[in-house]
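K.L.:
Protein chains in written order, with our numbering: chain A, 1 to 310; chain B, 1 to 399.
Hints in this document: simulated from the structure, not taken from any laboratory.
Heads up, some of the hints might be wrong.
Ranges of calculated distance between the beta carbons of each label pair, as one might list FRET restraints [as the list claims (entries may be wrong)]:
{"hint": "1", "chain 1": "A", "residue 1": "T160", "chain 2": "B", "residue 2": "A334", "range": "48 to 54 Å"}
{"hint": "2", "chain 1": "A", "residue 1": "Q147", "chain 2": "B", "residue 2": "A311", "range": "52 to 58 Å"}
{"hint": "3", "chain 1": "A", "residue 1": "R20", "chain 2": "B", "residue 2": "T112", "range": "40 to 46 Å"}
{"hint": "4", "chain 1": "B", "residue 1": "C218", "chain 2": "A", "residue 2": "G277", "range": "33 to 39 Å"}
{"hint": "5", "chain 1": "A", "residue 1": "P285", "chain 2": "B", "residue 2": "H221", "range": "52 to 58 Å"}
{"hint": "6", "chain 1": "B", "residue 1": "A327", "chain 2": "A", "residue 2": "Y210", "range": "56 to 62 Å"}
{"hint": "7", "chain 1": "B", "residue 1": "H221", "chain 2": "A", "residue 2": "E288", "range": "34 to 40 Å"}
In this text, a Cβ means the ideal position worked out from N, Cα and C, and glycines have one as well.
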Amino acid sequence: MPYNHKAELSKPERFTGGHRLCAGCGAGITCRAMMRAVDEGDRAVVCNATGCLEVSSFIYPYTAWEDSYIHAAFENASAVCGGVEAAYNALKRRGKLDGPDYKFLAIGGDGGTYDIGFQSLSGAMERGHDMTYFCYDNEAYMNTGIQRSSSTPRFASATTSPAGTESVGKKQNKKDLTEIMAAHGIPYAAQTTFIGNFKDFHEKAHRAIYTPGPAFVNVMAPCPRGWQYSAELLPEICRLAVETCVWPLYEVIEGKWILNYVPKKKLPVTEFMKLQGRFRHCFKPGNEWTLEAAQADVDRRWERLLQKCE
Amino acid sequence: MSIRDRLSGNEAIAHAMRQINPDVFAAFPITPSTEIPQYFAQYVANGLVDTEFVAVESEHSSMSACVGAEAAGARAVTATSSCGLAFMYEMLYVAASARLPITLACVNRTLTGPININNDHSDSMGARDTGWIQLYAENNQEAYDNYLQAMRIAETPDVRLPIMICQDGFITSHAVENILLEEDDAVKAFVGTYRPENALIGRDNPLAVGPYDTCPYCMEHKVQMAEAMKNAKRAVLDVAADFEKTFGRKYGFFEEYRMEDAEVALVLIGSTAGTAKACVDLLRAQGVKAGLVKIRVFRPFPMEELAAALAHTKAVAVMDKSEGNSASGGPLFAEVRSACYDLENRPALIDVVYGLAGRDCAVEDVERVYRRLLTIAETGEIGPRYVHMGQRSTQEEVL
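Chain A with its partners taken away, still in its complex shape (with noise of 0.2 Å):
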């Protein structure tokens, strides 16, 4: 069926209003578009990490979630949520359980994922669970304050990274997360950001849940705190990440690479560094050569992508 915008905002939100998130966060727009992603009349269990997510979604006595949903602790929410589906296979066989179909999420930040929780999503993910993990990269651990992770990217300042007079932030690459994950040799990973009425994020994310096995879907969710923005630029900032190739849309299915978007005129990525102060201090004088080498770093990669995706 073809994607219908008008349709799937008029579905009951499962995500729902209430939530401690900041304005302008990518973490709530994750989850609102990824329930939507789940069928109605299938329930989901929701396995997240520590984080802004948790802390703002499932603060007692309330919760925004409308399905079951379960925090356990920052590195393990892909063996918390393989615990789940091990259960779930365990009443099913034994006759236990009848009734709606289950579909089983993970979701953390970049913290969580790329980091501290990288053992744990790639043993599941090794496994087989038939788990979908969403990664909510906002490109730092911004429940703590705005620290370095290994998904912040080069240059940007943050708080265990900051420029300063001797430094221009954050001196490695950002690590490449959906590639990693893609080598895992898994039916489905893919990437993706809010773009235009969400039909990107909501075909992958369907089709992610309703792959057999295990899924990863790295959501490029920037943070108005983090990234120091002003909360209506959102939208054009995740424009602009893939309009200069710094997040492409791609997808891996079964070992084949697609890309999903190639842009008319690849923007230098500069246009989209400076809506955001953590890169102010790259355009500065005397630090034009930032510029240069995040552009070089942004086109070998994309480089690299086309080759696969050929």
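Given the coordinates of chain A, assemble chain B onto it according to the supplied hints.
P.N.:
Below, chain B alone, put in the same frame as chain A:
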């Protein structure tokens, strides 16, 4: 009818697991508990159980998977030792605070470092404040029997806490001994089925587990957990009573061995009890009024009951098979000494830390402890209160 067999402690636990056929077993190998998931994986491979066996990539993930599975309404089990239990540490608190009655077979091994694979109790003693019920075994029979009782204790509605079934690494886990096994049907009937009223799946209402718990609520939840641990005392005895009625073997909080008129007594945990009983018999034959208390239930701690058992003694040595690094004695000593504080006529109390990292403890070692107690009882002079036994030293050992 009980069945006579010869099994190691690890085999006995695996056998009990096969009989119970839990929903989910999340496993990661570590010496000396590794055999348990190995035996169980073979049961799965041979179709003897239809458990979902999840071979995870770490102990942190085995406990995390158990948390997810148990919250989903399943019976989840795991097994581990030493560093494996330490790696689970964070999740032990999560399991207890989410009130998930997971069953963990703990094969006690010392904690690194330096790395050593042999037995002491430092692993599970490190987990004593996590909110887990802890039962300890002297031998393979007790390990088996404790395991059969574990889920009923843990799943008791006003308890709902996870439970650790501990046995001594190698000494119990690998030594083959005679054992009485129960028939599969009788075990299944005794253990029963599990269906919690709330679960992540298969209920009309969805469930949310593991909130961000703010100051106005969080302390209440911690106090509820503390109350549950108090309730576990009753549950332990209730299940033991039914176990005795069903299978004929009697269990309580601890075993009293020749304590009725004892003047000097030891309090200890685990396999050393067998050695100590031999020593008590030896001393009794010489007219010494020696006795032994072997702790089975360390959490919840049977404070009043233990005090009553020791009330008539003159001198007591607590034998700690773990070093608390408190500069004032091991964890069992702290509990026993505290238990005795309210007695009108307290016995003299000393702590003997022994057997660390598998250091052997023979009958003559235990006898030296009793001899020291006799001197204390006779002279009233306690001397050093906290000593280590059996280690290489240039100084003469106090015992």
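K.L.:
Each of the hints needs a verdict: does it hold here or not?
P.N.:
Evaluation of the provided hints:
no., hint, result
1, A:T160 / B:A334: 48 to 54 Å, "violated, 40 Å"
2, A:Q147 / B:A311: 52 to 58 Å, "holds, 57 Å"
3, A:R20 / B:T112: 40 to 46 Å, "holds, 42 Å"
4, B:C218 / A:G277: 33 to 39 Å, "holds, 35 Å"
5, A:P285 / B:H221: 52 to 58 Å, "holds, 56 Å"
6, B:A327 / A:Y210: 56 to 62 Å, "holds, 60 Å"
7, B:H221 / A:E288: 34 to 40 Å, "violated, 55 Å"
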